[in-house]
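2 protein chains.
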Amino acid sequence: MIIDKLFDNVAHKGHVCFGLDTDYSYLPTDFANKFSTLGDGLFAFNKELIENTCDIVACYKVQIAYYEAYGMKGLLAYKKTLAYIKEKGCIAIADVKRGDIAKTAEMYAQAHFSGDFEADFMTLNPYMGLDTISPFLQYVKDKEKGLFVLIRTSNEGAKDIEYLPINENQRVYNVVGEKINQYGKDFLGKCNYSSIGGVMGCTHVSEAIQVRNDLESTFFLIPGYGAQGGKAEDIVLYLKNGNGGVVNASRSLLLAYKKEAYNNVSFAEASRNETIKMRDEILSFV
Amino acid sequence: MIIDKLFDNVAHKGHVCFGLDTDYSYLPTDFANKFSTLGDGLFAFNKELIENTCDIVACYKVQIAYYEAYGMKGLLAYKKTLAYIKEKGCIAIADVKRGDIAKTAEMYAQAHFSGDFEADFMTLNPYMGLDTISPFLQYVKDKEKGLFVLIRTSNEGAKDIEYLPINENQRVYNVVGEKINQYGKDFLGKCNYSSIGGVMGCTHVSEAIQVRNDLESTFFLIPGYGAQGGKAEDIVLYLKNGNGGVVNASRSLLLAYKKEAYNNVSFAEASRNETIKMRDEILSFV
Numbered sequence: 026m027i028i029d030k031l032f033d034n035v036a037h038k039g040h041v042c043f044g045l046d047t048d049y050s051y052l053p054t055d056f057a058n059k060f061s062t063l064g065d066g067l068f069a070f071n072k073e074l075i076e077n078t079c080d081i082v083a084c085y086k087v088q089i090a091y092y093e094a095y096g097m098k099g100l101l102a103y104k105k106t107l108a109y110i111k112e113k114g115c116i117a118i119a120d121v122k123r124g125d126i127a128k129t130a131e132m133y134a135q136a137h138f139s140g141d142f143e144a145d146f147m148t149l150n151p152y153m154g155l156d157t158i159s160p161f162l163q164y165v166k167d168k169e170k171g172l173f174v175l176i177r178t179s180n181e182g183a184k185d186i187e188y189l190p191i192n193e194n195q196r197v198y199n200v201v202g203e204k205i206n207q208y209g210k211d212f213l214g215k216c217n218y219s220s221i222g223g224v225m226g227c228t229h230v231s232e233a234i235q236v237r238n239d240l241e242s243t244f245f246l247i248p249g250y251g252a253q254g255g256k257a258e259d260i261v262l263y264l265k266n267g268n269g270g271v272v273n274a275s276r277s278l279l280l281a282y283k284k285e286a287y288n289n290v291s292f293a294e295a296s297r298n299e300t301i302k303m304r305d306e307i308l309s310f311v
Numbered sequence: 026m027i028i029d030k031l032f033d034n035v036a037h038k039g040h041v042c043f044g045l046d047t048d049y050s051y052l053p054t055d056f057a058n059k060f061s062t063l064g065d066g067l068f069a070f071n072k073e074l075i076e077n078t079c080d081i082v083a084c085y086k087v088q089i090a091y092y093e094a095y096g097m098k099g100l101l102a103y104k105k106t107l108a109y110i111k112e113k114g115c116i117a118i119a120d121v122k123r124g125d126i127a128k129t130a131e132m133y134a135q136a137h138f139s140g141d142f143e144a145d146f147m148t149l150n151p152y153m154g155l156d157t158i159s160p161f162l163q164y165v166k167d168k169e170k171g172l173f174v175l176i177r178t179s180n181e182g183a184k185d186i187e188y189l190p191i192n193e194n195q196r197v198y199n200v201v202g203e204k205i206n207q208y209g210k211d212f213l214g215k216c217n218y219s220s221i222g223g224v225m226g227c228t229h230v231s232e233a234i235q236v237r238n239d240l241e242s243t244f245f246l247i248p249g250y251g252a253q254g255g256k257a258e259d260i261v262l263y264l265k266n267g268n269g270g271v272v273n274a275s276r277s278l279l280l281a282y283k284k285e286a287y288n289n290v291s292f293a294e295a296s297r298n299e300t301i302k303m304r305d306e307i308l309s310f311v
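Residue numbers (my numbering), protein chains in the order written: chain L, 26 to 311; chain Z, 26 to 311.
Treat the hints with care, as some may be off.
Chain copies aren't distinguished; within one or between two, either way the pair holds.
[Unchecked claim] Straight-line Cα separation of at most 20 Å, SDA-like style, residue types lysine to any residue; simulated pairs:
{"#": "1", "residue 1": "Lys184", "residue 2": "Tyr282"}
{"#": "2", "residue 1": "Lys168", "residue 2": "His37"}
{"#": "3", "residue 1": "Lys128", "residue 2": "Ser277"}
{"#": "4", "residue 1": "Lys38", "residue 2": "Lys113"}
{"#": "5", "residue 1": "Lys111", "residue 2": "Glu181"}
{"#": "6", "residue 1": "Lys128", "residue 2": "Ser139"}
{"#": "7", "residue 1": "Lys38", "residue 2": "Arg304"}
{"#": "8", "residue 1": "Lys302", "residue 2": "Glu169"}
{"#": "9", "residue 1": "Lys72", "residue 2": "Glu169"}
Think of the hints as simulated: they come from the structure by calculation, not from any bench.
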């Protein structure tokens, strides 16, 4: 089960999920100018970052929107980035938030669990129902693949649907979480977490302890650290015995080189230092 | 407003939204064998179908999953298909069901409303909230683009989340529908429908008349015809004065050539005949 590899990575390398939401404008100009195509530049930037952080992160999350936005040449950089993460023996989460059913979902599974865009995990959107998940299960069972299904996100708009009250004790996201947790029990690793995990934003922490207890087999992908306001002391509320979740940061790590403190080091060294800082900050509260 | 063009198409060419969910296995073998690459075959098949139906359909819906599944070469066929729809002066709906926020959503807008993958409409998934929609509005306002946001889908799993009860009178999908309808009022065309439409499955028809009345400015993209069990007499309940919606069919049109009745005609002619049949069946109930 892929979840055991992720669990071990957290135990040995910390909780950081490095978000490669790489906008081309994030590349330092002198670096970008070395490459004749946008796609080459994007990939080269990611490659340097991966090379310099793969020993200190649990996994990488690659947000496909940033590559789709540049069309075919962007997606070539996406493909190469995933291949390089694999080459380095690291775990890649394809942040694609796909959500569709039947044959269409099968095609998405084929797209992101094999071929050009093969990743270890992919994110899914459950709005259409649990039949958005079933076509992926064969890959979870037989091909060492995993899922992170959106449960509760860290954006302002989470109140619009995810927070709608269903009854006195439950909101939409609670129902989704319970279903995912239940569904995941057939795919438990040795670590007792499931290869079907959940996305759990860390910006509403009042219910953190309850959520962690209720969804006992659900490994969390936790966005919202840094730029979106999540703090290390809050994030650890979503962990259990120091494991059970990875914490994503993107812009703060990608653009670390713009900080004054890193004026005299390369962009990759700046990202490495910032990643170590984030890792240690989380570990200090575990 | 792009919605006026779609409304006019419905008035003059009928309600059919031709779904180009083209699996490579759908191509007749002797046709597929003419092409040296999978991507060339996929595109050539779509091209023949578009050429033979563009005068009798309201629009095309291209389901990106079927192209993503084949990686870079599939996406090249996706790109060429969209370009050819545009060349023929027709409307393309990118069925991508993306749903993300802030900068990521901006990147998705750039991806599907400009460049290699430019379409006229795209489908969105609202689970994360209304801030999944706002980054697209600039394109709706200034660039003749439109959206179809998932409200209620036609699959079995729709009961899992979309049908959760919020209060005595409302389910999750009612709340989503109301928000979309309200949101869309700032983007009304001359036809009095909004360029922000909704996906409304036709398989639960008991509430059809209420839904059509409640969401008075929302143009519907209606899946579920044919293969998924929706009938023409049910579908017209989601229309008003014979307009206000397009009806998608994919497999029944793509694979028409497999029907015995079309044994002696080309695959494109079979699809054309089946499209005319569907168009006329819907019109007969309007």
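- [ ] Quick one: which hint numbers does this structure break? Sort them smallest to largest.
- [x] 1, 2, 5, 8, 9
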